[in-house]
Amino acid sequence: MILQTKGLCKRFGGVHVARNIDFGIEAGEIHCLIGPNGAGKSSLFRLILGAHRPDSGSILFRGEDVTGLPSFARIRKGMSVKFQVPGIFKDLSVRQNLVISFQHHLHGHDLEATIQRVLAFAGLEGLEEQAAGTLSHGRQQWLEIGMAVGVEPQLLLLDEPTAGMSPEETRQTGEMLRALNAQGVTILAVEHDMSFVQQIADRVTVLHFGEIFAQGSVAEIISHPGVADIYLGATDD
Amino acid sequence: MTGPGNSGLSVGPSLIDATPKRQRNTLALWLSRLEGPQTIGRGRGFWITFVLAVLAAAIYPMFVDGWTVGNTAYFLVWTFMAMGLGVIWGYAGSLSFGQTAFFGLAGYGYGVLTLNFGAAYGFTLLALVLAVGLAALLAVVLGYFMFYGRVQGVFIGIVTLSVTLVFQAFMAQTAGPEWAIGAARLNGFNGMSGMPPLTIPWPGGDVLLYADIALYYVLLGLMLLVYLGLRMLLNAPFGNVLVAIRENPERAEMLGYDVRRYQLLGFVLGGALAGLSGVLYTAWGQYITPSSMSITAAALPVIWVAFGGRKDVTATLIGTLVMIFLYQWLTIYGSQYAIVVMGVILVLTVLFAPEGIVLSLMRWISARLKPAGGRA
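Top line first, the protein sequences correspond to chains A and B. Its first residue numbered 1, the first sequence is counted upward by one per residue in this note's numbering. Its first residue numbered 1001, the second sequence is counted upward by one per residue in this note's numbering.
Hints may be right or wrong, so weigh each one.
[Claimed, not checked] To give an idea of the chain A side of the interface with chain B (calculated C-beta under 8 Å), a few residues:
#1 67
#2 69
#3 71
#4 72
#5 76
#6 81
#7 84
#8 87
#9 89
#10 92
#11 103
#12 135
Treat the hints as calculated values from the structure; they're not laboratory data. In this text, a Cβ means the ideal position worked out from N, Cα and C, and glycines have one as well.
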């Protein structure tokens, strides 16, 4: 297990966004987190990242307890994240975005080589001096994925990576993630586009009211009567 | 739209490929950072202009009398505080409205040290370093409580302004003889005076840097050193992180940067530079009063930096020199209007060139020069 949560609980006022969640991600898999609005997907995502502190329970990353660590320290240990709303530096050039993303791991020639590879990978060649905020929405998403994966992440965390993308862009993003996964990156994606989940997921976890409702392969989840009846029809926020 | 390519990126250990690490010459690396994404001005055109400006500043004392040169030195005194505010506000995105707290603390610190220990053996230079260190220490403490206490945005301005006003109020009530540190009377609203100017130990007798030509050259050299040093620092990874924090602090944290630590470092750098201005001011005029920490004094650096352009150290420097010259000129010909004119300039800047008048002009010139070749 590359990531494991044990008895994770978190409540905001009277709302339990996480109830005793025991959850794990195997190294090398693409794991999708689904569930209707308010199921606790984003809260679990933010707990894993350290943006929220749990009330109780613990989070282990590569066997190490990271529950008390701030976000930046978890990132340094090999997590990497892409948010739903493109989290790029809009007023800075594409190149600057990449430099800032990689500079604490890479320097000089290595940094330059990685920038060129990511530009090619994300289809952003020739746009490196452009302000990132002037890119199309899809390209902003790819830039952020490039920022997240350029430097050897052990675990890539994606919050609705295809939000706002056209079907074609969504399909291409799926291929991009599959290619990354083939190179050894473990991926956890919060997603509710079921066709996208079917395209990429090895395993799926369904959350409901802050609890794990079901877990299994895509086929198992799709054929799961409860999930099919209750959740998949209502995941359109 | 072209889709992303699926090949070409390798991640994992193979990403850092077998290419041997190049032996990097550290000095060459830092010199290369004189130009970069965080500072405007690159290429031959810019550096020729820069050298010409420095030469003009260097030969200027040959054409005017020593008293005038000493007054010009006074302009240079303030540039350090302005450039420091530029780092905190323009680069790291936190508006400090109380840089004068560091200015005043270091100024008084220099006074207390030199009035007690004199100026022999170049002690004034040690006093300068200690007083700047004192300002930096205040910045560490204040910055720690602000940034680690999650004080953000406009509240940083409010907290820092409060600190400088508390300092001013405190120093203003130290008129009694009981308010003395050793031989140094704090002297309330009249302030402290009689401290020695900076001295440089020299065989055959120390060089005394009164407000004259020698001090002008020392300050000019120091200003160039700090300016070029900041250019290198801001184009280094450190500067990139400050800009990342200004643009999107959450993203910066999620790229693995300890945002609060970088904010604190930027704040301490700015505080130390404000302290340097404070010491130089005190040594220049051989006095310091609590009004150096007043709300007017606190507002002026903000106006200079806003007018120049907070997001570029060159624009900040030029803007500050222009504004101080204008302010001095106005106070000669109608002191009561000078501060009003400063306010009007701030309003006009905010309305018509929110990025700064000098910075907008520099960008305009650079755009005009582009088709003809290099960028200015």
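Evaluation of the provided hints:
Annotation: interface hint on residue 67/A violated; nearest CB of chain B at approximately 17 Å, more than 8 Å. Interface hint at residue 69/A: violated, since its Cβ lies 11 Å from the closest Cβ of chain B, which is beyond the 8 Å cut-off. Because the smallest distance between the Cβ of residue 71/A and any Cβ of chain B comes to about 5 Å, under 8 Å, the interface hint for this residue holds. The interface hint given for residue 72/A holds, since its Cβ lies 5 Å from the closest Cβ of chain B, which is under the 8 Å cut-off.
This hint holds: residue 76/A has a C-beta 5 Å from the nearest C-beta of chain B, less than the 8 Å allowed. Because the smallest distance between the Cβ of residue 81/A and any Cβ of chain B comes to about 5 Å, under 8 Å, the interface hint for this residue holds. A cut of 8 Å between beta carbons decides the hint on residue 84/A: the least distance to chain B is about 13 Å, and the hint is violated. A cut of 8 Å between beta carbons decides the hint on residue 87/A: the least distance to chain B is about 4 Å, and the hint holds.
Annotation: residue 89/A was flagged as interfacial toward chain B, and the flag holds, the nearest CB pair being 4 Å apart, inside 8 Å. For residue 92/A, the interface hint holds, the least distance from its beta-carbon to any beta-carbon of chain B being 6 Å, beneath 8 Å. Because the smallest distance between the Cβ of residue 103/A and any Cβ of chain B comes to about 5 Å, under 8 Å, the interface hint for this residue holds. Look at residue 135/A: its Cβ only gets to about 11 Å from chain B, farther than 8 Å, so that hint breaks.
This entry does not satisfy hints 1, 2, 7, 12, going by the numbered hints stated previously.
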